[in-house]
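> Guided by the hints, dock chain B onto chain A, whose structure is given.
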Amino acid sequence: MKSDLELIQDVKNGDKKSFETLVVRHEKFLMKSIVRMTRDLDAAEDIVQDTFIKAYKRLSLFEGRSSFRSWLYQIALNTARNRFRKHAKETVGTEGMDIAVDTQVENQIIALDVRSILQGEIAKLPDRQRTALSLRIFEDLSFKEIADIMDCPYDTAKANYRHALLKLKERLEGNSMLKTWTEQPRFSLMDLGFNQMEVDG
Amino acid sequence: MEDIEWWWIDYLENELDSVLENDLLTLLQHSQEDRESFENFRLLKQWVRESDPVGSWPIEERTHRMRANVMAAIADLEIEPVLPERKRRERLRAIELGAEI
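From first to last, the protein sequence lines stand for chains A and B.
Numbering (my numbering) for the first sequence: 1 to 201.
Numbering (my numbering) for the second sequence: 1 to 101.
Excised from the complex, chain A in its bound form (with noise of 0.2 Å):
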């Protein structure tokens, strides 16, 4: 399998086919991190689409320095606070969020009030915090690709996490809900019988 760079360089001799590897390569990492930026799957396909058309025209000031996947997140980065700049409306935020609960089943009711709760408050999160903190739990990526993608030191990736979750934790042992969450058994939300929600694409 070519590597990236290898890729990169077959595209700039004109192999366009070369570039649709590349493009599945890194459209679902793309699009799951702009869906949880935008909460809106038809503006994160428009960001993801722009954000590669722009990349194939300015391939050639790729150099290499970073990743190309971290290079491909800060144009999709940039491309999304321009549209947001432009639609300010367009960003949603959780309280927007249709919750179906049901109301039956008290241990969905938990699992549902504990997830709402953290979307609430990562998403209250600094943007550099709520950043680092889903590219470490929700990608699985090293502090060093973090500090890539966020541009920055290796060590400050790390501390914009640890702030993240310090934060959360604070605030979740804050919540008059979940006052006691330390005491209460340890459960998983998926023991609880908790589904992720059906979204309407």
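No lab work stands behind these hints, which were simulated from the structure alone.
Beta carbons are placed, not taken as given, at the ideal position from N, Cα and C, and that holds for glycine.
Here are the in silico distance ranges between beta carbons for each label pair:
no. : chain 1 : residue 1 : chain 2 : residue 2 : range
1   : B       : Arg35     : A       : Thr21     : 46 to 54 Å
2   : A       : Ser60     : B       : Thr26     : 49 to 57 Å
3   : B       : Gly55     : A       : Lys54     : 23 to 31 Å
4   : B       : Gln29     : A       : Asp151    : 34 to 42 Å
5   : B       : Asp3      : A       : Leu5      : 35 to 43 Å
6   : A       : Ser66     : B       : Gln46     : 24 to 32 Å
7   : B       : Gln29     : A       : Asp40     : 46 to 54 Å
8   : B       : Pro81     : A       : Lys28     : 27 to 35 Å
9   : A       : Asp40     : B       : Leu12     : 28 to 36 Å
10  : A       : Ser3      : B       : Ala73     : 21 to 29 Å
11  : A       : Asn13     : B       : Gln46     : 45 to 53 Å
12  : B       : Leu28     : A       : Gly64     : 39 to 47 Å
13  : B       : His30     : A       : Thr21     : 49 to 57 Å
For chain B alone, coordinates are given in the frame of chain A:
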């Protein structure tokens, strides 16, 4: 207090240096309070992972269409050339001069 919480997080992430790791393992063995503190971070990370809003979004359906659009769009596009450094500077200088005028 913050120090030890940072250490728990680093331990959770396999980022703690080996000297501190031994100290923390001792704490885990002998202190109920520390065991709970570490367990809370482990649980919090698990909850955050399980609360990922993206899991049920039909991303795969969209990537197929998005990829087709990208490939159609670049079919008629060329990679923009990098301007040689000298030309780039001349252009920047012209812009600066223009701004002064």
